[in-house]
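Novice: Chains as they are written, first to last, in this note's numbering: chain A, 181 to 295; chain B, 196 to 306.
None of these hints come from the bench; they were simulated from the model.
Mixed in with the good hints there might be a few duds.
Stated by the list, open to error - Partial list, derived from the structure: chain A residues whose beta carbon lies under 7 Å from chain B:
1) 222
2) 223
3) 270
4) 283
5) 286
6) 287
7) 288
8) 289
As the list claims (entries may be wrong) - Among the chain B residues that face chain A by a calculated CB cut under 7 Å, a handful are:
9) 238
10) 239
11) 241
12) 296
13) 297
14) 298
Since the model is a prediction, treat every value here as computed from it, not as a measurement.
The C-beta atom is built at its ideal place from N, Cα and C for all residues, glycine as well.
The residues making up each chain are set out below.
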Amino acid sequence: DGGITQSPKYLFRKEGQNVTLSCEQNLNHDAMYWYRQDPGQGLRLIYYSQIVNDFQKGDIAEGYSVSREKKESFPLTVTSAQKNPTAFYLCASSTTPGQGNYGYTFGSGTRLTVV
Amino acid sequence: LAKTTQPISMDSYEGQEVNITCSHNNIATNDYITWYQQFPSQGPRFIIQGYKTKVTNEVASLFIPADRKSSTLSLPRVSLSDTAVYYCLVYNAGNNRKLIWGLGTSLAVNP
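Next comes chain B alone, as it looks inside the complex (with noise of 0.2 Å):
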């Protein structure tokens, strides 16, 4: 399983666009690449999920380049509820589809 490495945290203003980058070096052809959001005392949410170029969903967009080593999270317009833990995994998409959680990137919207 590819492990993925990622900022601990970041921080940011209101209004501003987000950009947090994972790496995944050693991602596998059947790897997917998926971002969650997780919340204190909550059950970690799913953001958005993509193979390779670029996916966009109501929430966010995510980035992939041609080599899929890395994948980017965008947030547009954070807001102080963005404040949150932000998680980049990879999953084999095969029969076994497990997920390895690292830290995550803590991000802190700021007024």
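Next up, chain A with everything else stripped away, as it sits in the complex (with noise of 0.2 Å):
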């Protein structure tokens, strides 16, 4: 079955590390998302990719850092900059314009709690 895998589900960091969140997508979508959730809030958009080795930051793109060398791959790291990364991690991919109806695909997502 055709989906995205996010690893791992649970995620503990110590204070100063750095951590890198996988995400891979087998639908052959060109776009991918990376989005974090806090408690009780909307999704807010950390970067996006919408194709091969391009990627955008997205609207708290600081204290993160992705690559986007394989379609199918878009990993996080979530560096030692980011002031409060503990969260609920999600990412996403979609269509692009033209093909067939339009909707993100999320993952289940990674917990990732600061210790």
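Fit the two chains together into the complex; they arrive one by one in their own frames, and the hints show the way.
Specialist: Dropping the structure here:
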């Protein structure tokens, strides 16, 4: 079955450490996204990529970095510069313009806790 | 990007029809309306999308009036498993398809 896989589901990080969240999709989608969700809040866009080897900052990119070396993969690194990294992180992918019905497919999320 | 406004919360009972209305007064000509459902600790799930009039699928119906300044998601005969947060979003069908997420509507279905 096609879908998006995020790993790990739960992640604990010590202050001052960088951590990388994995996101892999086999939907053949060109566009991929990373969102952050805090309790009781909507989703906020961190980074997005519309094509391999290209990505743009979202609304809250500070303290995060991404890469898009392959169409299927869009890993997110939470760096020590991110002041409040404890949150629920969601990865999504979508079709590009002209490719039928448009909709986001989300992964199941990674819950990051700083200890 | 058009901003959306929807009720923070709603209550219903099993077997009832639930209608959640969303306002998007500054929707543009190229904008589409889409709805997502999210359960706790899960990613949102696409429910339905539309441009105008009425769209129906196996899960829900979406009603969009002629002026497109609002839309209504209709869930027929809800069950306890429909308890979730429902997001109304407007996106531009051009090259930049970023979605702006609000707080959504938290629907509680009671027995």
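Novice: State the violated hints by number, sorted upward, taking the hints as numbered earlier in the document.
Specialist: When the structure is compared with the hints, none of them turns out to be violated.
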